[in-house]
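Protein chains in written order, with this note's numbering: chain P, 5 to 386; chain Y, 0 to 141.
If you're looking for bench data, these hints aren't it; they were derived computationally from the structure. Hints are supplied without guarantee of correctness; some may be wrong.
For the chain P half of the interface with chain Y, some residues (derived, Cβ under 7 Å), not all of them [to be verified]: (1) Asn119; (2) Trp130; (3) Gly132; (4) Glu133; (5) Thr134; (6) Leu136; (7) Leu145; (8) Pro194.
Where is the CB? At the ideal position from N, CA and C, for every residue including glycine.
If you want the building blocks of each chain, they are given just below.
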Amino acid sequence: MAQDVAIIGIGLHPFGRHDTLTGRAQGAIALRAALKDAGIGWESVGIAYGGSHDAGNADALCNDLGLTGLPFINVANGCATGGSALASAVAAIRSGSAEFAVAVGFDKHPRGAFNPHPRDWGLPDWYGETGLMLTTQFFALKTRRYMHEHGITEDALVRVAQRAFRNGALNPQAWRRREMSYAEIAESMPVNLPLRQYMFCNPAEGGAALVLCPAEIAKRYHPKPIIVKAAVVRTRHHGSFEVFSPALAAQQAPAPTVTASRAAFEQAGVGARDIDVLQLQDTDSGSEIIHMAENGFCEHGEQERLLRDGETEIGGRLPINTDGGCLANGEPIGASGLRQVIEICTQLRQEAGARQVPGDPRLGYTHVYGAPGVSGVTILQR
Amino acid sequence: MPHPVLASPDLIRFEGDTPHLVGSRCDECGEVYFPATDSCTRCTATRMSPHDVGHRGTLWSWTIQGFLPKAPYNSGETPETFRPYGVGYVEMASGIKVESRLTVADETQLQIGMPLELTLIPYRTTGEGEVFTFAFRPSASA
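Could you put together the complete structure from these sequences and hints?
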């Protein structure tokens, strides 16, 4: 049995728009906050993994924090950058190559939808030039097909967004803090039908950082260490329905989310029913609905009832995206996956204030999905 | 009739005036790809042959592109002149689903399972004239 690894420091620079701050500055603020939370100095950190998509090399943070000579690995794994940084930091501690490790991410994206360049993704130019290479299209196409196969209606899409903004309103660090009515969401501008304006998250800015160490020494540094029971990253298989696919194979295969989730539950030795609070990638309402089932939290098609019955609310059986998720926080790619982990740590520490899940949450779960078909899952335990 | 100028000529083959999509097929396991590839992600083989993906299919999923995409989209439209367009995955005879523009952008006219056929549509104009890309339009039979 590999040794357990604990999170002893969390730090967030709130997501949103911060015109006077660079992405890196937001990452540095988050990292200093995480080190302070852990009660250690930057000079104690033995290895760091960090990523940013649009705001420069993450290891430039050393120019802010201090040039201590540590190995700093830049991570570039799309929306799963944070999850990949965390999985790498956990592996480094387990291997004994460092006592203290950092996972950090930050970003600052231009306004509007992402505009990927086909060649960066191994795709021909015409795919972008003729208007087929948009992430929003993919989410809409996958959602439409899923609704068709599993009997989900637009009602469920609206309810996911409504809950996200309701939770965001309770979170002082969220970007979108205004509750929205059912009609406001249901009648918002069609972006890529069936998905509308308020069913999509926006590219944003922000920073997030974690400090980790072996679990056996964690209590020296933080009174409530959070154990990383699993941190798994998986990429797509032939036949899974992924973003940036000019065609889909005749035979469908399970998404990387499914394989990452199964591996994480196996590693942690727990099941979906044991999870008390969870974060699912909600780039859009449809994705969250699909991810509920792909991660094993319900059967395909069961989501609409769970949403309608309030089961996914903060006080429900399956509290999802208690901080408002990507929908209310926006998505700075490099930081987004770590924001999810920070929210679960906050919930498990019982420090989530007005959005605190009731009872005594012991196990949490996070899931990210990103281009071109990569998923990261963590299972966290108080 | 001369064939239209295409954004990517190697995607299309003509049978008379009827355009067909050109892909590839794995010599080892038979998996079909569009556009053509030189390796098989299913069985990892590297021997592939050209394959006619066909010109008829059925709508497998769809959306309507409601905003003007940023570059590299190069239709030349502005936010003011932009007209929403349909996008779908179209299931072809071999079972492969090809992502394509649709000639229809009216949600009341699109339904999963409807029969479609391949056509070519102008999507931008250059100094030399119109440039065409492939699209699917409603057809009487699959």
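Verification of the supplied hints:
{"no.": "1", "hint": "Asn119", "verdict": "holds, 4 Å"}
{"no.": "2", "hint": "Trp130", "verdict": "holds, 4 Å"}
{"no.": "3", "hint": "Gly132", "verdict": "holds, 4 Å"}
{"no.": "4", "hint": "Glu133", "verdict": "holds, 5 Å"}
{"no.": "5", "hint": "Thr134", "verdict": "holds, 4 Å"}
{"no.": "6", "hint": "Leu136", "verdict": "holds, 6 Å"}
{"no.": "7", "hint": "Leu145", "verdict": "holds, 5 Å"}
{"no.": "8", "hint": "Pro194", "verdict": "holds, 5 Å"}
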